[in-house]
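J.: This is what each chain is made of:
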Amino acid sequence: MKRPPAWPIHAALCVVSFFMLLPFYWVLKTSLTGENIFAYPPSLLPVAPHPFFYVDVWYYIPFVRYFLNSVIVSAMVVAANVILNAMAAYALTRGFRGRKLVILLLLSCMMIPFQTTLIPAYLLTGKLGILNTYLGLALPMFSTIVCIFVFKASFDAVPRSLVDAARIDGLAEWRIIWKIMLPLSTSAVATNVILSFIWSWNNFLWPLVVTRDPLLQTLPLGLARFLSYHENTTGALYAFCILVLAPGILLFLLAQKEFIRGLTSGATKG
Amino acid sequence: MDHAAAGPALRAPARPGARAGAKRRREAALAWLLLAPALAVFLLYRIIPLGWNAILSLQEWSPFKPAVWVGLDHYREMLTEDPTFWEALANTLWFTASAPVGIAIALGIALLVNTDVRGRDVYRTFVFISYPLMTVAVGIIWRWMLDERVGLFNYALRSVGLIEQPIPFLQSFELALPSVIVANIWQIVGFYMIILLTGLQTIPRNLYEAAAIDGASARQQFFRITLPLLRPSLFLCFVIGVMSSFTSFDLVYVMTNGGPGHSSELLVTYLYKAGFEMTRFDYAAALTVVQFALLVALTWIGNKASGGDAGAVERG
Amino acid sequence: MKTPRPWLAAALAVLALALAAGPAAAQKKLSFLTWNISDQKDLFDLWIAEFRKLRPDVEVEWLDKKGPEWPAFYQTQVVAGTPPDIINTQGGLWLEYAAAGGLADLTPYLKKDADVRARFNADYLANWTYDGKNYMLPFYVNKTLLFYNKTMFKEAGLAGPPKSFDELVQYAQKMSKGDKSGFLTMNFDWLYWPLFKMNGVELLTPDLKKAAFNTPQAVKVVEALAKATQGGGINKIAWTGRWVEPNGAFAAGNVGMLHAHSPAFFFVRGQAPWINPDTLGAVNAPGGWATPNSHGLGISKGSKNPDIAWEFLKMVTSDKWTLEFSNRRKVLTGNVKSDTATIAAMRKDDPLAAQVLQTQLEQTDKLTGNWRIAVDSRVKEAFYPELQNALLGRKTAKEALDEAERKVNRALARQ
Amino acid sequence: MLRRILLSRFVLVPGAIVAVAVVWSLYAALHAHGVVTGTVVGPDGAPIAGATVMLIELNFTTNQERARTTTGADGRFRFDNNRSHYIQVRAEKPDVGRSPQRQVRLYFAAQDVEVREPLRLEAADAPRS
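Residue numbers (the working numbering), protein chains in the order written: chain A, 176 to 445; chain B, 826 to 1141; chain C, 11 to 425; chain D, 823 to 951.
Don't take each hint at face value.
Simulated pairs of lysine-lysine, DSS-like, Cα-Cα distance not exceeding 30 Å [as the list claims (entries may be wrong)]:
| # | chain 1 | residue 1 | chain 2 | residue 2 |
| --- | --- | --- | --- | --- |
| 1 | A | K354 | B | K848 |
| 2 | A | K204 | C | K219 |
| 3 | C | K63 | B | K890 |
| 4 | C | K122 | A | K302 |
| 5 | C | K121 | C | K160 |
| 6 | A | K302 | C | K190 |
| 7 | C | K219 | B | K1129 |
| 8 | C | K311 | B | K890 |
| 9 | B | K890 | C | K190 |
| 10 | A | K275 | B | K1129 |
| 11 | B | K890 | C | K143 |
| 12 | B | K1129 | A | K302 |
Quick caveat, the hints were computed from the structure, so don't treat them as lab data.
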């Protein structure tokens, strides 16, 4: 296919980027100036920006501790997601009785609002004896339905011929997943990693309920400190939000490259 | 969980000459084995809790009181004497109806950033950046941008002279819900984008090459190849859209808290209020059950619409 | 391979002993759940250390959750059978729990320790009585008052704060022009109710069984407020905002009057360099009516050792610690001695804050918006959205109040 | 294989970040003696000896004095017990006047810092911040 001229694409993308970045710009700006955003007229450029609200954040909450907790929990979640979802998705690409039922079940499960499962989920976690543990924090997110379907869509696109060939070579199923499916679905893997990381990283209500031990609190729970009713913590609040945001963006940047490989190169062979 | 253990047992299916019935059984066994861990998680944190709600919805219960059976009383109250429920339901459906808009936008963006235009990675990041941002920040910032007197939008519109009177986005009954929806789309569009990007990667280049050789225009290629093959991802986005309309609690809570009146109340915010603020978990449970039934219906429709089987496109 | 054996055995024995000893030596545990006050960590550490001296056998765990999630956390813990022993609730939340039998009745303790009862401002203490029983002690107290922007008052040629509801509305309209508006009020937890009370409107009948607010007078009030809101005299944020927006708007200097409780002062001052005794006034609202939004300390019914919990309460409400608390957080604690001392001390180094806090000790007999009904939050939920409908012009005052009356009565009937 | 993983950007980038963090905290550890120094000058810009300098910390919502010292013959002052990351300093001398309150924000708690711009005493009833 012949390539269209680049400039209209740039133009369109610049407009999009502008609208996407506008609110974000204000978060960033406020984190550097701490100004009262309800002043009028709004100052479009940061006035006397300084990094000290980030220093405040560092001292308002046990930042390192919370950060490490978040890292540990998210690492568990990401690993579990890639493995469990890949397995489940692979199963769904195979014909077996009850498959449609499982799919419909998953799709509907996906949409039970977490708020209403809070109490029973807590009781069950207690029964498992993993309240106040990293496992207890991570377990509910060990598999996420969206990501299962991301994998499924990607696996469905892998030519059957490849799989059958592998079978005839007597390759074990788990190795088919590992050696054929995943390498041909790097973009799906990247999506899994990014999304499950972000969900577990920003998860708020569950850690709030399941951890009584302050040493186990995750980063988002630090939020409470910045919504004070007495102090004016505006600057620190937004600095905090930026700090919570950063790792997700970093991961996205790192995983970016996977979105241009994937099956596009793989499908032709095999 | 542990493939190595499963491995040897699973050799069989491919062995030539295995009897069809046995083969199918092994296939099924294998499938369930692979599904087991994921399903276990959902059983624990979705299905059992849902059952808990189902039972609770037939009782009179609060954390401080033992349960008493009241049959369908809560459902009767909900359907016959609770206008708020109907308002919240309508709003939720409006919210759901807005999903395609966001998806369309995201699709456009995804197609653009999937070309090999320079600086593509930067654009992608810009579009995605809103998604991982904490909802509290999103809510507060949008509250301010849409504010009647000091908000950025009104400021901009007034300074370019587009409007005389400022628009009270969040203070008016007509605009509160749309405002929340816009903010929601703003936040979720990056999410849609990467789902669609992943989908686009599953479309083999050679198809386009072939089509190009047959002299198909870019438009035709889009409608003949991209769209059909992207169906699974589009369906997934639709499901996500529905989901977000039934679960995006934080955004509404921060931006409007369901007001003014109940004009931006969603089922999820309403049942949170019912449960944790009015300590009526039993009633909240009934709401949950109704909402769940609704969702199953919606998903089922969407599923059918996308050609069944979660929009999966069988090939090979 | 032989020699290690005895070591191993010894090690195992020690381990076994440790395990056996573990539970035996286990301490009594007290947990203390506060409401979005994590900034006072240092103070609470001091309290815990001090209590450790009084009761070496007890260890205290401190938990803090912020507003919206506090109930979710507490109620989950209650269901799980591990409720925090001591809880700090805000506004009327405690009513639900008290009525449902979730809180321990403190009346007997207060009888036993008359000195504890004597510490407190009787009006504030009475705030936590539900059908004759006292369920909570004051932790830190506040009620609504009227802040006004003296500069804007001067510009509008207004001498002093309004003396009546009509003046309030009229002043508000006088000051509103362009981006400036005249009046803002907090709208959560009945904080706006003084506006009705100062017009003699009652929400409920004296027996708290039925709605009593649907009167011609109330219609007049709502119409006046709605008119002022449409005319821009009252900033719409007053009816849609939460905490950040109204305070932010007032801090920005665009609003003439702010009807809020005392914490607003410190928040606003943090954002408003313009604030000093010549530019900000703080007085009781017309008629002296105010809605308390105080924080109380109660004991969960499910607590394993309520008596120890009471000891802890006694300690933290003592003159010594309330004074320390007041100094650190610039709040009043309902403890008469400390509060007077705090304000006296403040007079010289922070006169404006002192003036604000002073209003909190005046006319404490004129508290409203704190009805002792089990379904407080449901009534709130039944009433306020309808009020919004009227104030923001979706319904006429009469329609809205009729509908509100129906809903409120239904909520009351369900209890 | 292992080598490839170790050299992948998923290891290198976080590694680099951690390294920077470590270096920074080392630096902080070595420069956190809580020493605050500076100069007090009169309205004419000449150093003022014997002026009282107050180190003020924002305690929650209101300022509280943490320490005070007096300037030497060269108008220099020195605190060495600052523990905070956000302080304010003010100087005054009975017959000369007082300086406006100066905010000093530090990159880490107890950072050793020289208050650049000297504290300039002004004739009394200068606006308090």
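J.: All hints are to be evaluated individually against the structure, with a verdict given for each.
T.: Consistency of the hints with the structure:
1. Proximity of K354 (chain A) to K848 (chain B) is assessed by CA-CA distance (about 23 Å); at most 30 Å being required, the pair is judged to hold.
2. A threshold of 30 Å between alpha carbons decides the hint, and for K204 (chain A) with K219 (chain C) the separation of about 52 Å lies outside it, so the pair is violated.
3. For the hint linking K63 (chain C) to K890 (chain B), the alpha-carbon distance of about 37 Å lies beyond 30 Å, and the restraint is violated.
4. Between the alpha carbons of K122 (chain C) and K302 (chain A) the distance comes to roughly 40 Å, so the proposed pair goes past 30 Å and is violated.
5. For the suggested pair K121 (chain C) and K160 (chain C), the alpha carbons sit about 47 Å apart, so the restraint of at most 30 Å is broken.
6. Pair hint K302 (chain A) plus K190 (chain C) does not hold up; C-alpha atoms about 57 Å apart against a cutoff of 30 Å.
7. Between K219 (chain C) and K1129 (chain B) the CA atoms are separated by roughly 52 Å; this puts the pair beyond 30 Å, and the hint is violated.
8. Using a Cα cut-off of 30 Å, the hinted pair K311 (chain C) and K890 (chain B) holds, with the two alpha carbons roughly 12 Å apart.
9. Among the hinted pairs, K890 (chain B) with K190 (chain C) is inconsistent with the structure: their alpha-carbon atoms are about 50 Å apart, more than 30 Å.
10. As the CA atoms of K275 (chain A) and K1129 (chain B) are separated by approximately 12 Å, the hinted pair is consistent with the 30 Å bound.
11. Note on K890 (chain B) and K143 (chain C): the hinted pairing holds, with a Cα-Cα distance of about 19 Å set against a maximum of 30 Å.
12. The hinted pair formed by K1129 (chain B) and K302 (chain A) fails the criterion: a straight-line CA distance of about 39 Å is larger than 30 Å.
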